[in-house]
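Student: The primary structure of each chain is shown beneath.
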Amino acid sequence: MKWAVNASGENNAGAETPAGANRRFSFARGGVLQQLLAFASLILLVIVFSFSSDNFFVFDNIMGILLSTAVIGVLALGSTFVIVTGGIDLAVGTVMTFSSVMTGVIITFWGAPIPLGIIGGIATGAFCGFLSGVAVAKMKIPPFIVTLAMMMITKGLSLIISGTKPIYFTDGRASGFKDISMASVTHSLFGIEIPNAVLIFFGLAIVAGLLLTKTIVGRYTFALGSNEEATRLSGVKVDFWKIVVYTITGVFSGIAGILMASRLNTAHPALGAGYELEAIAAVVIGGTSLSGGQGTILGTVIGALITSVLTNGLRILSVPQEWQTVIIGLVLVGAVYADILRRRKA
Amino acid sequence: MNAIPLVAMEGIEKRFPGVHALKQCRFELRAGEVHALVGENGAGKSTLMKVLTGVYRKDAGRIVYKGTEVDIPDTIKAQQLGIGIIHQELNLMPHLTVAQNIYIGREPRKKIPLFLDEKALHEQVRHLFGRMNLAVDPRAKVSELTVAKQQMVEIAKALSYRSEVLIMDEPTAALTDSEIAELFRIIARLRAEGVGIVYISHRMDELRRITDRITVMRDGSYIDTVRTADVDMDRIIAMMVGREVYHEPKTGGAAKLGEPVLEVTGLSRGKAIRNVSFALHKGEILGFAGLMGAGRTEVARAVFGADPIDGGTIRVHGREVRIKQPSDAVRHGIGYLSEDRKRFGLLVDMDVQTNVAISSYARFRHPTGWMKRDKIAQTAEEVVRSLKVKTPNVRQKVKFLSGGNQQKVVIGKWLTRNSDILIFDEPTRGIDVGAKNEIYKLLEQLAAQGKSILMISSELPEILRMSDRVIVMCEGRITGELSREEATQEAIMKLATLHSDKSAGHESVTSGGNPK
Ligand SMILES: Nc1ncnc2c1ncn2[C@@H]1O[C@H](COP(=O)(O)OP(=O)(O)OP(=O)(O)O)[C@@H](O)[C@H]1O
Ligand SMILES: [Mg+2]
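Each protein sequence line maps, in turn, to chains A and B.
In terms of my numbering, the first sequence opens at residue 1 and continues consecutively.
In terms of my numbering, the second sequence opens at residue 1 and continues consecutively.
Hints are computed from structural coordinates only; laboratory data are not their basis.
No farther apart than 16 Å at their CA atoms in a straight line, the calculated lysine to aspartate or glutamate pairs in the EDC-like style are these: (1) B:Lys-399 <-> A:Glu-229; (2) A:Lys-214 <-> B:Glu-118; (3) A:Lys-140 <-> A:Glu-229; (4) A:Lys-237 <-> B:Asp-74; (5) A:Lys-214 <-> B:Asp-117.
Next up, chain B with everything else stripped away, as it sits in the complex (with noise of 0.2 Å):
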């Protein structure tokens, strides 16, 4: 293992107006190994990245790569190096195709070469398909696929550039546990051919299955590098926050059900919802489980006003309401913490106060149409320090803030609002651990002051963790509801499986086939 290290990346310095992202960092990557890069939110691990890749241009530092000292001065030069990153944001062209998005900047031309060579080009992704046994059409438009397989579609983007360096920024926040072994079995077999793969993710458990080292990140600042079969998570996640963290269990006895606040009938649209009803009561956090595309972000949506219904009612503290628009619920005290918060949950090109107080302007507005700007930003000066988020001043916009602290600047909001049901969806996807705790900490705050919470989560450990009842879903149907005490990720997974008819095209579970 002496030989010279494919990356090294010493003295790393990046400012951003107001935030120094990047202090001095370094990080070494070995051909063939996978290496995690961690810390919490806003740590700058994108960052970084970002500065290999060509995206931001360091303000000083050292790049090697493969022992001669390099220059990256834009994404063109990183892919002619071999470095290739999947963006933690999709980076994709929804309206191409499959095949179109992953040979962008380099389709085989004709000989005359203005003119495209469609031919080569399916060509050469039946190609790359089949070595990762990828089974997507390379003709369908990017748009109509699911956020899943969009992951899957930018992964082959950047294998096949034939990368020596792959990064992958949080690649498995929005996969099913199908998707990530097979993530991880492509992973394997980079690792095996050569390839050095740098790993970034919230998900601890994940580490260990896949990473060789582990380098940890925290406030912009190197902080060590480790063998994972060395150490154990909880030391990992102690460096990356600075303290010990407690995993505490829920407390609180059996869920003393208080009256209905949110009922739920026969609401249906389409085939996305099918008949779901349900009852929120005050002060419970009730867990929506399933597995992706459920229907579970449907229901939500629909009970927000978001979409459209063919049919159902809701009630609001035991009064039947007419739901059409988001406006409507909002005033029914109902707020949605929306699973993609860039583009439902947040005003990206705003600043962070704006954010906090957008939907609760009519508290800070003067009986002569002013704003009270001062008490926006006393508010939201409250919000960044109660809920930790990482932010020069509450004037930054939120675009250039961290995923995780996006994330807290939409719960921000609705707690400004003083909803008192709160639609949660997968709060925690893209934050680190410490963050998470104080999220799970809030919720748990939030509903005995007698809120009521419904959250969607894919994390099996995050919905026992959090919830007094379970409700599970499959194919847009409810297939089940256990209580504190029934719910375990067997009887979950087993509701979650749960097909309907067979017959409906949906031949998926019985005879599916094997994996191998």
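In isolation and in its complexed conformation, chain A is listed as follows (with noise of 0.2 Å):
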């Protein structure tokens, strides 16, 4: 009969050439073809600045385009996970000050080494991360609501533990805090002066890159934002891997505090609220979808350094900071218009 021909003729085409045969195809398809246009527009966007100004393509300018992209980058790195569950952190921000602020009262307050300052750090973003989690998964209360209770709850935090004073990381013990940011280990090793916190940055980029694609917590990370209750079904303990998540991106937000305060040698209890809505930018111009089950990590890079060359250009070629965020503005509008464009025609 004929129409059982048609359906297995299709199946017996498919049956010659078994897996991966279609893997030029799904090559094309889904996030590489959206990271080639951002990867190109950044490039566009150095070249145009580069002919627009002599003082825009030179070794300090750029590293200080990368510096300036650490901690905004590092925290993106961990707002990626967490979107890419169909969830939103809104706290990364003020969880990063509560962490540098942390790292500062055990080293400057209580005499600590360094290294356990950091770690304290460290552990109290990833503890803001792990509550956050809890409430998410196990009280089930909206996302959006639970990070913006933490974002409020750190913020105060913040500023009751260290008295709303700046911490100072000046102290004799405390000196070599500001190397972890800005002295540079390739400086001694090769010569050439990129600071640590850039280093850091993309180490820290490579991690989550292996993390979201090659490990089980990337695989659940993805199926959560693709369908919960079909992951859940599955038998994936997904309260489990939710609380996974958001402590990961605790963790983040963590190291971000470190390089944060490292970097200007203070740690400020005030600074830190809108650093997540850059973040966010940056996550979304890389191609990561709010509704969840898809992002890369590349993506979310490319997206940190789109913003922070856009602004350092702008600014070289006097613009002024007002205008700039409006400009940043119209390219996260662009940049997810772009993506909802192409995936139309496809």
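Given two chains presented individually in distinct reference frames, assemble the corresponding complex, making use of the accompanying hints.
Tutor: Shown next as structure tokens:
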């Protein structure tokens, strides 16, 4: 009968070219194309700014851009995980600050050695993330609310603990703290002056990338964002993995806090609000969908670079600060719209 | 056959808020049998099987598995016991690949267990697909597959657990005939291997083909279990509905075509719709037949303004209209009943009355801007009564209704809107025989009242029974139009497989090769 032949004919054709034969298609599909687009925009921006100003494409300026990307970039790396699950973390900025204040307290108030301060800062971030995760997964409160509350709580706690004053890492014992971000391992090794913060950012990006694509954590991160109910019915402990994801985001916020404090050599308790939105913007420009299920670390890195290249380039061209934010806002909308257009065509 | 049954459920009770879904229900499954579970929409079939697979907890009752009483608090426990289920609703993660979906929750790991072993994963999938004789690219994203292929992935997933009990909740609702044949081959092989299979379906013809025994449920209660060979299907249907159902043939003589109310000319959209023209007349039921993916739904969506079109004109009552979005279509009196009601037809988180009224709010608005709540409730109650929607009250959330009853709510919505052009896309998918007949009668009444109906259906008997005229599509084109008298199964099938150019990469018909 003809219609039986129709479908199985298709099947047979497929059977002769088993797994992987279609890979060249899957290469062109999905995130790769979008990343190429984002990457192309980044290159284009760099070229445009290089031609517009002699001060742009010089080593020191490029390092400045990378350095200013590092903190937001690390926050964005962490945010990517939550966003891929279809959630959101509005607290990454203030958790970052809270972590840096805790590090300051441990090192300068308590006089503990620097490594202990670092561990304490990261643990603080992780704990905040863990709490958010528990509230989202177990108490079933929407992520937006949970992390909004966490944002307020950590903002307040930072001010309380620090006595609303900045904590300076200038005492004898804390003197090496600045080096975490600002010294350069590569300088002593190869003579190229790349600040540690930048190296740490790229190192963390690789870790995050591996985590998201090669590990069980990453697999469930995507599964949760794609269809939580189906994931649950498949026997995956959905609550547990959600908590893991929020904790990971917290760890990244903690690390960002230390980078930030070290770079300024100060833990500023009032800093950090608003960073979460810049981080989310970077993630979204990088092609991660706020509705969950898709996203890449490479995209986030590119997204973070695009925002800081733009800011830097516009500043060099003496575009006023106010206009810089307007332009970045437009870029954000443009990036997402380009993605929607591309998807509609496919 | 005296061996202990594989599964025995006794005295199962389950209550949802306002619904007594299972009342002292029982069920027995033996190894190596295909056991049909049938009943009207809302009878409790899915609920009973969800109790068995740990999706819901039973309120009371016993489950005995291979001779020992078991407690199945969650889906993980069911999987460990070897009880697999393919749910009525697709349960896949669209952004993940086929392979990732199948082994979700049991991914093979590297030596450091944090890391995934993709190679081993694909090895396992290849094995599994080889066993199933299934040709799907394991690396394809599930969102890129057709619904039928997605269904096959679900089946593969359930099989991959090496389940000893396999439950299929309406697996064929979205499959084509050849895919159904393939599924039946798989079922036969599993049965031979001693797997106990529960098969839920509203398609009576399938029961005869593959099942050994049939258990009938009605209103949450167990009615009877019979051997398929011993009964005729009318008896089963009578047990299901508690009365005899008559299959009345379509009444009324040859179609007296009224004036055209909807004229579509040269409609096209990419490869999906190629130069489609047709006219729908007043008081007519126009059937759209074709294979899955022939482009019928695409045409319906385009006419309704749900998708942008590349070209073509649409006339309603002789006047050319521009339909750019669904609200335009609704304003011109067109109603669309989507084939995927969950995604496009219903607000599942809202109650029945809201869903019934949502397209007609203008009618329920007081001049002051307030909603006439009484009138909404009253209208909704009328719809519930006339369509026999099984719901405790009109304030029940639609997501708690059974599949068939959800469908009735969508129909009620457009009836309330008083649309005079109604596009029904697979109106009886997942609807039981009793309700099917009601819906058929309803469509005929509507046509008799002068409404015009465009009905897309993949079930040929339905097309033949209902249509005044039949339009057949294939690969986005209209391949023929048949009058009532010309329309036969053979004629329709021939047109439905009338593929155009073999050169364009669609070598399916002639060089497709032998299925075996
Ligand atoms: N989660 C739930 N909450 C409340 N009521 C529910 C829920 N699930 C099912 N019900 C109700 O329980 C009854 C049985 O539903 P069930 O889905 O088991 O029917 P079914 O026999 O599978 O019907 P169909 O053939 O339409 O799929 C229905 O009245 C339904 O509305
Ligand atoms: Mg059901």
